[in-house]
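**Student:** Listed here are the chains, written in short residue letters.
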Amino acid sequence: MKRAIKVKALFIILLLILFISITVSAQESTPQQVFQAIIKPYQTLSDYTVKIQAKVMVPGFRMPDFAADLYFKKPDKLHIETKSFAPIPRNSGFFDPFQFDPGKNRITFIQAVKLDGMQAELYKVEPGESETRVRFYNVWVGGTPRRILQVENHSFKGTKALVKLTYKNVEQGHENWLMPEKAHIHLTFPEGMQSQDNSSFLIKDNPVAAGRGKPEEMQGEGDIYISYRDWHINTGLDDSLFQSIMKSTSSTH
Amino acid sequence: MIRLIWFELIKTFTRWRTYIGFIAFGIIVPLVVTGLKLGGQDSFKRHLFSLLQNDFIIGGNVLNGWFFGFFFMGALWVHVPVVLTIVAGDQIAGEGNAGTFRFLLTHSVSRTRIITAKFIVTLIYTAVMVLFIGGLTIGLSLCAFGGGDLLVIRKGILVIQEARLPYLFLIAYGLATLAMFVVSSLCFLFSAFTDNPIGPIIATMAVIIVSIIIISLPFDLFQAVRPYLFVNYFDAWQKVFDDPVPWDIISMNIAILAGFMITFFLAAVVYFSRKDILS
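Read top to bottom, the protein sequences are chains P and W. Using this note's numbering, you'd call the opening residue of the first sequence number 18 and step up by one each time. Using this note's numbering, you'd call the opening residue of the second sequence number 125 and step up by one each time.
Hints listed in this document are in silico derivations from the structure and should not be mistaken for laboratory results. Glycine included, every Cβ here is placed at the ideal spot set by N, Cα and C. A couple of the hints might just be wrong.
[To be verified] Capping the alpha-carbon separation at 20 Å, the derived lysine to aspartate or glutamate pairs in EDC-like fashion look like this: (1) P:Lys141 with P:Glu169; (2) P:Lys121 with P:Glu169; (3) W:Lys169 with P:Glu238; (4) P:Lys68 with P:Asp113; (5) P:Lys90 with P:Glu208; (6) P:Lys174 with P:Glu146; (7) W:Lys279 with W:Asp166; (8) P:Lys72 with W:Glu286; (9) P:Lys131 with P:Asp113; (10) P:Lys181 with P:Glu169; (11) P:Lys181 with P:Asp256; (12) W:Lys279 with P:Glu238; (13) P:Lys100 with W:Asp319; (14) W:Lys279 with P:Glu208; (15) P:Lys181 with P:Asp255; (16) P:Lys68 with P:Glu238; (17) P:Lys57 with P:Glu192; (18) P:Lys72 with W:Asp319; (19) P:Lys57 with P:Glu188; (20) P:Lys68 with P:Asp247; (21) P:Lys72 with W:Asp166; (22) W:Lys135 with W:Asp319; (23) P:Lys90 with P:Asp256; (24) P:Lys94 with W:Asp166.
[Stated by the list, open to error] Estimated spans, in silico, between C-beta atoms of each pair: (25) W:Asp367 with P:Gly175: 40 to 48 Å; (26) W:Pro342 with P:Asp247: 49 to 57 Å; (27) P:Gln260 with W:Val369: 54 to 62 Å; (28) W:Tyr291 with P:Gly175: 58 to 66 Å; (29) P:Gln260 with W:Gly159: 18 to 26 Å; (30) W:Phe343 with P:Asp247: 55 to 63 Å.
[Claimed, not checked] A short, non-exhaustive set of chain W residues, derived as facing chain P with CB atoms under 8 Å: (31) Leu247; (32) Gly272; (33) Ala330.
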């Protein structure tokens, strides 16, 4: 009888050990370590240039597909060069490997999930105080090598952007970089927001006001597809490129 | 008839007041373009895209010459009739005021032919003025800000590729000229009623301002009246920049504007033919 109880107790202990080991292996390192490992291969990246081709299917936007050259310089300088009207989603159109730097964000593990048949981990990333637009991100990490598979950012204004990323290896000399190949950004705009123009007492659709309109708050959902090609990494982009030149380009940092 | 028109053209274009409009817009447009070039373009862009910039980084040469050409035409719309009425209001009333009608009407030319010649000259002046403003705004803006696709903010954002723009602007200016023909025709009609050229100018501007107020206020009564006011069709030129271009609505607008113009002209002819010339 005593022997049977001992066996049972041993069995339960073994089960407990097994359960704990599974949990630990699923979260083998802290969220900070996970994100540190993700950005580690990009530590020597100081700038990049990439050509993009984008298709915009957003409510209220009727525009042809556009091509543009994107420039990025560490830490967060961005620059777009194109003759077309090029609305690039903030915080998701540009690839910024340092966006989720654990030193600047508060990161918490949420759960292990399956994403498109792939095992992934979901983290909540809350930006530091310097970020005024995004409340938090949900970030799906997985694959081999470990990388960011999907990001969902929630802006303070209520806009939600779900970004699905696919990657490719970019060989440059003896270096090999894992860079985005395609991004599908699904945007969900908040309902019921009215711009000041909308609240104007006067009829907007009149011949005097026409032609002097301002874009209104967007509503509904939309998609933006971006494909990236011709990556050039660490070419030593000059800071002057990122100053606000209105003539034919757009910059922000 | 050609000789009559030629004489009227000489009379009109040798008066210095004919050039007030050209001088005014010749100063205003370069002044605004210079202001935009010297930093105003930046704040303009910030203001224009303030609602989009939360979600997007806006790239590209969006505020280019075509954009400002389009914007100027929209913004100057209320002011163009003022300069047109200076000449249109003077066409008949000016003769009465100067006391030259008796001399003019003693010639073996019918009143209808005289008034038709004056009307054609008024239309020529109107067309020259609109094309001058259009050419100046587009020309200067393109020189200052370069080309690119046109961003039209009307029921959302529409981007029109640059290759189509010269053709679209040409049609747009044609429609804008037609809309201004109606203004000139109305002023011309008022000019037939009086011997004081100031009266037609004030009366025409009063009609335009009252019409604008009526079509801008969201009262049911006003909106019911709206289709009967010619000012309602002033923006026919902007419809060319819609996607798809509503050619059926544009054709209807052309017919309505032409109808107003012919009505005002015929009313002027009928009234002037029976008018007792006392000066």
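**Student:** It remains to establish, for every hint, whether it holds in the given structure.
**Tutor:** Taking the hints in turn, this is what the structure says about them:
no.: 1; hint: P:Lys141 with P:Glu169; in the structure: holds, 10 Å
no.: 2; hint: P:Lys121 with P:Glu169; in the structure: holds, 18 Å
no.: 3; hint: W:Lys169 with P:Glu238; in the structure: violated, 25 Å
no.: 4; hint: P:Lys68 with P:Asp113; in the structure: holds, 15 Å
no.: 5; hint: P:Lys90 with P:Glu208; in the structure: violated, 35 Å
no.: 6; hint: P:Lys174 with P:Glu146; in the structure: holds, 16 Å
no.: 7; hint: W:Lys279 with W:Asp166; in the structure: violated, 24 Å
no.: 8; hint: P:Lys72 with W:Glu286; in the structure: holds, 18 Å
no.: 9; hint: P:Lys131 with P:Asp113; in the structure: violated, 25 Å
no.: 10; hint: P:Lys181 with P:Glu169; in the structure: holds, 9 Å
no.: 11; hint: P:Lys181 with P:Asp256; in the structure: violated, 30 Å
no.: 12; hint: W:Lys279 with P:Glu238; in the structure: holds, 17 Å
no.: 13; hint: P:Lys100 with W:Asp319; in the structure: violated, 55 Å
no.: 14; hint: W:Lys279 with P:Glu208; in the structure: holds, 18 Å
no.: 15; hint: P:Lys181 with P:Asp255; in the structure: violated, 31 Å
no.: 16; hint: P:Lys68 with P:Glu238; in the structure: violated, 26 Å
no.: 17; hint: P:Lys57 with P:Glu192; in the structure: holds, 14 Å
no.: 18; hint: P:Lys72 with W:Asp319; in the structure: violated, 63 Å
no.: 19; hint: P:Lys57 with P:Glu188; in the structure: holds, 17 Å
no.: 20; hint: P:Lys68 with P:Asp247; in the structure: holds, 6 Å
no.: 21; hint: P:Lys72 with W:Asp166; in the structure: violated, 26 Å
no.: 22; hint: W:Lys135 with W:Asp319; in the structure: holds, 17 Å
no.: 23; hint: P:Lys90 with P:Asp256; in the structure: holds, 8 Å
no.: 24; hint: P:Lys94 with W:Asp166; in the structure: holds, 19 Å
no.: 25; hint: W:Asp367 with P:Gly175: 40 to 48 Å; in the structure: violated, 29 Å
no.: 26; hint: W:Pro342 with P:Asp247: 49 to 57 Å; in the structure: holds, 52 Å
no.: 27; hint: P:Gln260 with W:Val369: 54 to 62 Å; in the structure: violated, 39 Å
no.: 28; hint: W:Tyr291 with P:Gly175: 58 to 66 Å; in the structure: violated, 41 Å
no.: 29; hint: P:Gln260 with W:Gly159: 18 to 26 Å; in the structure: holds, 21 Å
no.: 30; hint: W:Phe343 with P:Asp247: 55 to 63 Å; in the structure: holds, 58 Å
no.: 31; hint: Leu247; in the structure: violated, 21 Å
no.: 32; hint: Gly272; in the structure: holds, 5 Å
no.: 33; hint: Ala330; in the structure: violated, 16 Å
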